[in-house]
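**Q** Here the protein sequences come in this chain order: A and B.
Just so it is clear: in the first sequence, position 47 is 47 by this note's numbering, and no numbers are missing.
Just so it is clear: in the second sequence, position 105 is 105 by this note's numbering, and no numbers are missing.
Because the hints were derived from the structure by calculation, they are not lab data.
Cβ atoms here follow ideal geometry from the backbone N, Cα and C, with glycine treated the same way.
Please note: incorrect hints may appear among the correct ones.
[Stated by the list, open to error] Pairs of lysine to aspartate or glutamate residues, derived as EDC-like cross-links and limited to a Cα-Cα distance of at most 16 Å, are as follows:
| id | chain 1 | residue 1 | chain 2 | residue 2 |
| --- | --- | --- | --- | --- |
| 1 | B | K93 | A | E214 |
| 2 | A | K88 | A | D75 |
| 3 | B | K149 | B | E211 |
| 4 | A | K216 | B | D183 |
| 5 | B | K210 | B | D185 |
| 6 | B | K210 | B | D183 |
[Claimed, not checked] Computed far set for chain A versus chain B, every beta-carbon distance over 12 Å:
| id | residue |
| --- | --- |
| 7 | V4 |
| 8 | A6 |
| 9 | I13 |
| 10 | R47 |
| 11 | L56 |
| 12 | F65 |
| 13 | D92 |
| 14 | G210 |
| 15 | E214 |
| 16 | L285 |
| 17 | W289 |
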Amino acid sequence: MKRVLARTVYMVIVLVLSSIAVFYAIRLSGGDAVAARVPASASAEEREAVREQLGLNDPFHEQYFDYMGRLFTGDLGNSLTNNADIGKLLTDHGRNSLILGVAAFVLVFGVGIPLGMLASLRRNSWWDGGIMTFSVAGMAVPNFWLALLAVWLFASVLGWLPSAGCCGPKQLVLPAVVLAMEGMALTVRMTRSAMLENLNQDFVRTLRSGGLSESKVIGRHVFRNALVPIVSLAGLRIGQIVGYALVVETIFGWPGLGQVLVNAVLRRDYPVAQFFSLVLITIVLLSNWLADVGYTVVNPRLRRT
Amino acid sequence: MTENGVNRPVTAPLLSIDGLRTMVSSRRESFDVVRGLSLDIYPNEVLCLVGESGCGKSITALSIMRLLPTPPVRVREGEIRFRGEDLLSLSGKRMRNIRADSISMIFQDPLTSLDPVFTVGDVIVEVIRAHRDMSKEEARSLAGDALAKVGLPDPISQLDSYPHQLSGGMRQRVMIAMALVLDPDILIADEPTTALDVTVQAQILDQLVKEQRERHMAMLLITHDLAVVAAVADRVAVMYAGEIVEQAPVDELFEDPRHPYTQGLLRALPKVSTTRRRLDPIPGLVPSLQMMPPGCAFAPRCPHALDRCWTEQPELATDRDGRVFRCFNPQPFAG
Chain A
1 MKRVLARTVY MVIVLVLSSI AVFYAIRLSG GDAVAARVPA SASAEEREAV
51 REQLGLNDPF HEQYFDYMGR LFTGDLGNSL TNNADIGKLL TDHGRNSLIL
101 GVAAFVLVFG VGIPLGMLAS LRRNSWWDGG IMTFSVAGMA VPNFWLALLA
151 VWLFASVLGW LPSAGCCGPK QLVLPAVVLA MEGMALTVRM TRSAMLENLN
201 QDFVRTLRSG GLSESKVIGR HVFRNALVPI VSLAGLRIGQ IVGYALVVET
251 IFGWPGLGQV LVNAVLRRDY PVAQFFSLVL ITIVLLSNWL ADVGYTVVNP
301 RLRRT
Chain B
1 MTENGVNRPV TAPLLSIDGL RTMVSSRRES FDVVRGLSLD IYPNEVLCLV
51 GESGCGKSIT ALSIMRLLPT PPVRVREGEI RFRGEDLLSL SGKRMRNIRA
101 DSISMIFQDP LTSLDPVFTV GDVIVEVIRA HRDMSKEEAR SLAGDALAKV
151 GLPDPISQLD SYPHQLSGGM RQRVMIAMAL VLDPDILIAD EPTTALDVTV
201 QAQILDQLVK EQRERHMAML LITHDLAVVA AVADRVAVMY AGEIVEQAPV
251 DELFEDPRHP YTQGLLRALP KVSTTRRRLD PIPGLVPSLQ MMPPGCAFAP
301 RCPHALDRCW TEQPELATDR DGRVFRCFNP QPFAG
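The shape of chain A in the complex, shown without the other chains (with noise of 0.2 Å):
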């Protein structure tokens, strides 16, 4: 409980020093928030005109604390360039993203556990030295290069599932591949090598002397075991879905966060950048103590008596 709580107080203080660095961040990013908001052809004066109205000129802490002011009101503000409610991007969007980023999840852990037993348990056959291509492949071919080599050999060549779009399931299956492959390969490299050592414990033996079946053994205790360090990462492999959607959402044009924040921060649209980084972020914080809390739960030895 007081581990939970220490969690809670920190994510609190990330959250806040990271409101300030990404405020600040992108007014450093250079560029122009008010080329978005006046016809090229204005005048030095009316520029300056516009910077004042939206109080860009006021010192950065007035500004920040302007700004985290109105969001506690729940005031999200407009977009500087087409003045879309703020609100409604997150509602619209989020949406979008919510189903990527779970089907993500999903193939994360749902296929890259089973895969990662599957290699522990046919430990040196075919099936382990495919698994274990397959997951160093997915570690390191970059997500950009796996997408452009996705969409040309499934969407050009064989004309299976179409490049892009949303959001029906042939749209959603490239994208979300995509986003989970080197989550998926970790994860399973992790269950087969957490698999492998839980397998050797003494406590296998035990509970083979207590006449447990095979599929006792391994499925329930050998593979309760191996949870404690993958649910540990857990946090992580959903922060990389989350840093990743932005690449692969802005590739395959899925209308979702990532792709709202990009295009914000190309066009200095500060309102939508700073309130769409803060969304991400505190998934991602959200997540990592998720994951810290599951932890504590798969891992009795971290409770209190």
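Start from chain A and add chain B according to the hints.
**A** Same frame as chain A, now just chain B:
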């Protein structure tokens, strides 16, 4: 039965190992670690299997349970008969039914031998339900009784404890409870007290002997501690380099050991006396199992070795006094 002065068991053996050869094989080499071992376990007795580390005691026990780490270790030859069946040729499923229900085993280190992420109650319940058609609640109350019986304080709430929350002695009691919950005919205890504090060792040993008496079960106790042997054994089998070199009721073995290795072991025991003297170790080292001498395995260290001992393997034989040992040139023991 071997109690009260009756030295020789008169009933039929409960379990009988015949010519067991267990080997380790890897790509580079293969050699036997148990080299033609024969041993009977009788109902109701405490049989101690003694010998130094690496002589094959644990491998023998794991061969009986069919729990050898295969590969690289596997039984190459022999029979282990239990209730008219050869355990070594049973199907996996039949063997699982025998484990814990008829033959149970407890291990040396109770911390690593218990699953760390399950409560002890969960595991005992699982063992019970693997053998008996019982509801979870029934099995749980049986598990609670088993913990109470081995002297665990507050047994019902300990069902929900994880191994790391228990002390070493309590963990070993949990192991015993789990091994005995189905009332087996034979308990194999592989150095059950070696990993424990000295004070706890005695308690655990007492508990084991008490259970053995009350349940009228046979116990195969594996140990390298002769003090333990003297305290609890009915019969003793001494192992050296993968084979049994002497087998005798405990009193006979301590009073009048016949095999030079047994004699050496007893001489090496420190004695309490008024004059301090140096310990008396057996000279030399155990031969490497990869390169066994052609004759008697003990010949290189034996003070009475004959020429014949270097070339010929003595058999485990019964002499005129009814003593069972493996030696061409037995000498009287002068402790």
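**Q** All hints are to be evaluated individually against the structure, with a verdict given for each.
**A** Status of each hint after checking the structure:
1. Only pairs whose Cα atoms come within 16 Å are accepted, and K93 of chain B paired with E214 of chain A is accepted, the gap being roughly 10 Å.
2. Of the supplied pair hints, the one linking K88 of chain A and D75 of chain A holds, its CA atoms being roughly 12 Å apart against a limit of 16 Å.
3. Restraint check: the Cα-Cα separation between K149 of chain B and E211 of chain B comes to about 9 Å, which is no more than 16 Å; the hinted pair holds.
4. Pair hint K216 of chain A plus D183 of chain B does not hold up; C-alpha atoms about 22 Å apart against a cutoff of 16 Å.
5. The suggested pairing of K210 of chain B with D185 of chain B holds, with an alpha-carbon distance near 15 Å, which does not exceed 16 Å.
6. Distance restraint check for K210 of chain B and D183 of chain B: the Cα-Cα separation of roughly 14 Å lies within the 16 Å cut-off, and the hinted pair is therefore satisfied.
7. Under the 12 Å C-beta cut-off, the non-interface status given to V4 of chain A relative to chain B holds; the minimum distance is some 19 Å.
8. Taking the minimum C-beta to C-beta distance to chain B, about 21 Å, the non-interface status of A6 of chain A holds against the 12 Å cut.
9. Against chain B, the non-interface label of I13 of chain A holds: every CB pair exceeds 12 Å, the least being about 31 Å.
10. With a least CB separation of 64 Å from chain B, R47 of chain A remains clear of the 12 Å interface cut-off, as annotated.
11. The non-interface label for L56 of chain A is consistent with chain B: the shortest C-beta to C-beta separation is roughly 55 Å, beyond 12 Å.
12. Listed as a non-interface residue, F65 of chain A keeps its Cβ farther than 12 Å from every Cβ of chain B; the least gap is roughly 47 Å.
13. Interface exclusion of D92 of chain A from chain B stands, the closest Cβ pair being 43 Å apart, more than 12 Å.
14. With a least CB separation of 4 Å from chain B, G210 of chain A falls inside the 12 Å interface cut-off, contrary to its annotation.
15. The beta carbon of E214 of chain A sits about 8 Å from the closest Cβ of chain B, which is not more than 12 Å, so the claim that it is off the interface is violated.
16. Its beta-carbon lying about 27 Å from the closest one in chain B, L285 of chain A satisfies the requirement of being farther than 12 Å from that chain.
17. Non-interface status of W289 of chain A relative to chain B is upheld: no Cβ of that chain comes within 12 Å, the nearest being about 22 Å off.
Going through the hint list in order, the structure does not satisfy hints 4, 14, 15.
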